[in-house]
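A.B. asks: Sequence:
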Amino acid sequence: MSFRGGSRSDFRNVGLVGRTGKAAVVDTLCLLYEHLIAKGLHPIFDEETATLVPMEAVQIVSRALLGEACDLVIVVGGDGSLLHAARDLVRYKTPVIGINRGRLGFLTDISPHEVLFKLDQVLAGHYHIDRRFLLQLEVRSGTQVKYEAIALNDIVLHAGKSVHMIDFELSIDGHYVYRQHSDGLIISTPTGSTAYALSAGGPIMYPTMDAVVIVPMHPHTLSSRPIVVGGESEIKIYIRDNRVLPMVSADGQTSVSLQIGDWLHIRKHPFKLSLLHPPGYDFYAACRTKLGWNQDFDKFHED
Numbered sequence: 481m482s483f484r485g486g487s488r489s490d491f492r493n494v495g496l497v498g499r500t501g502k503a504a505v506v507d508t509l510c511l512l513y514e515h516l517i518a519k520g521l522h523p524i525f526d527e528e529t530a531t532l533v534p535m536e537a538v539q540i541v542s543r544a545l546l547g548e549a550c551d552l553v554i555v556v557g558g559d560g561s562l563l564h565a566a567r568d569l570v571r572y573k574t575p576v577i578g579i580n581r582g583r584l585g586f587l588t589d590i591s592p593h594e595v596l597f598k599l600d601q602v603l604a605g606h607y608h609i610d611r612r613f614l615l616q617l618e619v620r621s622g623t624q625v626k627y628e629a630i631a632l633n634d635i636v637l638h639a640g641k642s643v644h645m646i647d648f649e650l651s652i653d654g655h656y657v658y659r660q661h662s663d664g665l666i667i668s669t670p671t672g673s674t675a676y677a678l679s680a681g682g683p684i685m686y687p688t689m690d691a692v693v694i695v696p697m698h699p700h701t702l703s704s705r706p707i708v709v710g711g712e713s714e715i716k717i718y719i720r721d722n723r724v725l726p727m728v729s730a731d732g733q734t735s736v737s738l739q740i741g742d743w744l745h746i747r748k749h750p751f752k753l754s755l756l757h758p759p760g761y762d763f764y765a766a767c768r769t770k771l772g773w774n775q776d777f778d779k780f781h782e783d
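Each residue of the sequence shown is one higher than the one before, counting from 481 in the numbering used here.
Derived by calculation from the structure, the hints in this document are not laboratory data. Don't take every hint at face value.
To be verified - Label pairs and their in silico Cβ distance ranges:
#1 HIS698 - ARG492: 47 to 57 Å
#2 TYR658 - GLY605: 42 to 52 Å
#3 GLN539 - ARG705: 46 to 56 Å
#4 GLU528 - ARG611: 20 to 30 Å
#5 SER542 - LYS641: 27 to 37 Å
#6 GLN739 - LEU596: 48 to 58 Å
What the hints assert, rightly or not - Derived DSS-like pairs (lysine-lysine); straight-line CA-CA distance at most 27 Å:
#7 LYS641 - LYS626
#8 LYS748 - LYS573
#9 LYS748 - LYS626
#10 LYS770 - LYS716
#11 LYS626 - LYS502
#12 LYS519 - LYS626
#13 LYS626 - LYS716
#14 LYS770 - LYS502
#15 LYS573 - LYS519
#16 LYS770 - LYS752
#17 LYS748 - LYS716
#18 LYS641 - LYS716
Think of the CB as a built atom: it goes at the ideal place given N, C-alpha and C, for glycine as much as any other residue.
All chains should be modelled from the sequences, with the hints used to inform the complete structure.
C.D. replies: Structure follows, in structure tokens:
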């Protein structure tokens, strides 16, 4: 993580992205829009977000082109909203900041009550740059690539709605690791280590680590434990004969069915997401707040 300081920033065209279905998101989007206009900047909405706000004659571009049109993108919502935006923005290297209108907010870390103050710090050039890598997935059948996806959090092999375990083989950097019967496998970035991987018993990794964690989901063998490998590792999973067809998803997107003999190829995506934080951001403080660390300490101390 690096820090940039200066009297002003180069952010002139600022994208605004918001999650649908929440009035609080619309309120924050309107507040941001008016604030940016007052500062002489150019707010730009993606097409879906533009339908949420009451303003007329706003500038609109498609989500796919938002990264090309903007110098900075502000995402209002939860971590899921930022995950969705990140996959569209990462190839343009467009920096992103997140305003938390969701639940946890590990990625959308700016609280609504301090949004203008924190935004002004960023616009003045005072922010931390937090570069997060993504994973890219290819599903291959022989030499054919059947499906591709990218994920900021994780790629999950699972059994869908079935209660049956699935059978697969794991290889890392060309080395056979194991054949496993389990409910599935989570392959997570450090960013995703505080998401699904954590609930499955995986470790918390500092976000800037160059590592990937592989977490079994309810494995039949009790000695199967999470494995942490280098960020440049190439991970391959071979789908064996199963009673049900396994599925795979990236960042919780729509799952894709797999066939016997398919291979999952997973490796680091070539582009990183530039996530901006105002001064004072502390990952461990976020863990204390979001994960409830120390929540009973004061009560215990009083007793």
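A.B. asks: So, for every hint listed, does it hold in this structure?
C.D. replies: Do the hints match the structure? See the list:
1. HIS698 - ARG492: 47 to 57 Å: Because 50 Å falls inside the window, the suggested range holds.
2. TYR658 - GLY605: 42 to 52 Å: The hinted range 42 to 52 Å holds for TYR658 and GLY605, with Cβ atoms some 49 Å apart.
3. GLN539 - ARG705: 46 to 56 Å: 51 Å Cβ-Cβ, so the 46 to 56 Å window holds.
4. GLU528 - ARG611: 20 to 30 Å: With Cβ atoms ~27 Å apart, the hint holds.
5. SER542 - LYS641: 27 to 37 Å: Holds, at about 34 Å.
6. GLN739 - LEU596: 48 to 58 Å: This hint holds: roughly 52 Å between Cβ atoms.
7. LYS641 - LYS626: 22 Å, holds
8. LYS748 - LYS573: 16 Å, holds
9. LYS748 - LYS626: With a Cα-Cα distance of about 19 Å, the restraint between LYS748 and LYS626 holds, given a limit of 27 Å.
10. LYS770 - LYS716: 33 Å, violated
11. LYS626 - LYS502: 36 Å, violated
12. LYS519 - LYS626: 47 Å, violated
13. LYS626 - LYS716: 15 Å, holds
14. LYS770 - LYS502: Holds. LYS770 to LYS502 sits at ~21 Å (cutoff 27 Å).
15. LYS573 - LYS519: With a Cα-Cα distance of about 24 Å, the restraint between LYS573 and LYS519 holds, given a limit of 27 Å.
16. LYS770 - LYS752: 25 Å, holds
17. LYS748 - LYS716: 13 Å, holds
18. LYS641 - LYS716: Status holds; Cα separation ~24 Å.
Checked against the numbered hints given earlier, this structure breaks hints 10, 11 and 12; the rest are met.
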